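A.B. asks: One line per chain: the protein sequences are A and B, in this order.
In this text, residue positions in the first sequence follow my numbering: the first is 1, and each later residue adds one.
In this text, residue positions in the second sequence follow my numbering: the first is 187, and each later residue adds one.
The set of hints was computed from the structure by calculation and includes no laboratory data.
If you're wondering where the values come from, they're calculated on a predicted model, not measured in any experiment.
Every residue, glycine too, gets a C-beta built ideally from N, C-alpha and C.
A couple of the hints might just be wrong.
What the hints assert, rightly or not - Simulated pairs of lysine to aspartate or glutamate, EDC-like, Cα-Cα distance not exceeding 16 Å:
1. B:Lys320 to B:Glu349
2. B:Lys269 to A:Glu41
3. A:Lys177 to A:Glu16
4. A:Lys134 to A:Glu164
5. B:Lys291 to B:Glu339
6. B:Lys199 to B:Glu349
7. A:Lys56 to B:Asp239
8. A:Lys83 to B:Glu227
9. B:Lys242 to A:Glu41
10. A:Lys75 to A:Glu102
11. B:Lys261 to B:Glu227
12. A:Lys134 to A:Glu153
Unchecked claim - One side only, chain B facing chain A, incomplete, derived with CB under 10 Å:
13. Gln225
14. Arg282
15. Arg323
Read off the chains here:
2 protein chains.
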Amino acid sequence: MTQLYFITGNKGKFHEAAEKLRPYGYTVVQNDIGYPEIQAESLTDVVTWAVSDIQKRVNHAFMIEDAGLFIEPLKGFPGVYSKYVFFTIGLSGILRLLRSEENRKAVFRSVYAYSKPGRKTLVVTGECIGTIAKQQRGGHGFGYDPIFIPRNEEKTFGEMSMEEKNQFSHRAKALEKLIAALNKNK
Amino acid sequence: MTQLYFITGNKGKFHEAAEKLRPYGYTVVQNDIGYPEIQAESLTDVVTWAVSDIQKRVNHAFMIEDAGLFIEPLKGFPGVYSKYVFFTIGLSGILRLLRSEENRKAVFRSVYAYSKPGRKTLVVTGECIGTIAKQQRGGHGFGYDPIFIPRNEEKTFGEMSMEEKNQFSHRAKALEKLIAALNKNK
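Chain A with its partners taken away, still in its complex shape (with noise of 0.2 Å):
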């Protein structure tokens, strides 16, 4: 078993990470040690910034992720600040800016990001494509669960077990991306 340190406070992304790169011979151990998050338009500037601070005070391979949820009609809002949106104007904020709104497309993405020493950084990108529904439904999930509907579904992720969200997820198939550009740089 390879050892994988996943740099997160988030112990749901942790256990989901563990459970996802376990069959592939990889241990993920979780490593809290915080880092600086920047200002920036997409994911990919967040993460990518981000390994740059940790390179400086970590020697050893690590992972980070970042996600986000980006609605069309909002010109992406919340975006990169989805945690912070969740947490000011809530699930009843973004349904009110969406009220009277015929498009209601959005997209759920997850980035994560791999380095290791003398090694070029790793980036991937999962997403998943849906909509925005007309009111909150569902007790299960987080976050913006209760109102994003993927595509070609009728329930919303938080009317979903996790299993059934987890054939959709973004993250998770940004963890399959990791696998497979990990697996080829063996």
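Assemble chain B onto chain A, guided by the hints.
C.D. replies: For chain B alone, kept in the frame of chain A given last:
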């Protein structure tokens, strides 16, 4: 005259500071070298962090500024992300979020930080308390000016001349505090 480097890409902020500081014997020089802004809950955290980053690259005195609009019923939103929110959901988004909201209290905040080698960094805050208008009014100013009414006034910042606005301006107040602190620390 003492030269004072203002690190900013914003010409408006630069001119405002230059005019305000000239009578006190300071020549403000604009220096647009850029710096990262972190995601944080307070402007003070953003500027303090930026100062330590800039200090690694700049070996003379400099100042920076960050500002935002904090709306009470929206838990401080858009706050440190005011610029991003302005360019995504915009003023109409803010008004929509506050529709049928009785409490329209808001505060414009500006934080200046001044760093000089061998000295403790000065951080000062200026505030302008007010309310959010029911609709946009006036073509003056920029950003959130057309929806912000300072306390005890009827007009929005967007309906005021530069001179009128500067009586209340959070940025002007912060600059006054900075001048006082600089004179005290001479």
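A.B. asks: Look at each hint and say if it fits the structure.
C.D. replies: Each hint tested on the structure:
1. B:Lys320 to B:Glu349: Answer violated: Lys320 of chain B to Glu349 of chain B is near 24 Å, above 16 Å.
2. B:Lys269 to A:Glu41: The hint holds at about 12 Å.
3. A:Lys177 to A:Glu16: 15 Å, holds
4. A:Lys134 to A:Glu164: This hinted pair is violated, its Cα atoms lying about 21 Å apart.
5. B:Lys291 to B:Glu339: Holds - the C-alpha atoms of Glu339 of chain B and Lys291 of chain B are around 13 Å apart, at most 16 Å.
6. B:Lys199 to B:Glu349: 15 Å, holds
7. A:Lys56 to B:Asp239: OK: Lys56 of chain A and Asp239 of chain B at ~13 Å, within 16 Å.
8. A:Lys83 to B:Glu227: 11 Å, holds
9. B:Lys242 to A:Glu41: Given that 16 Å is the threshold and the Cα spacing comes to 25 Å, the pair is violated.
10. A:Lys75 to A:Glu102: Roughly 14 Å separates the two Cα atoms, so the pair holds.
11. B:Lys261 to B:Glu227: The hint holds at about 11 Å.
12. A:Lys134 to A:Glu153: 14 Å, holds
13. Gln225: Holds - the Cβ of Gln225 of chain B comes within 10 Å of chain A, reaching about 4 Å at its closest.
14. Arg282: 6 Å, holds
15. Arg323: Not OK, violated: Arg323 of chain B not within 10 Å of chain A, min 21 Å.
When held up to the earlier numbered hints, the structure conflicts with 1, 4, 9, 15 and fits the remainder.
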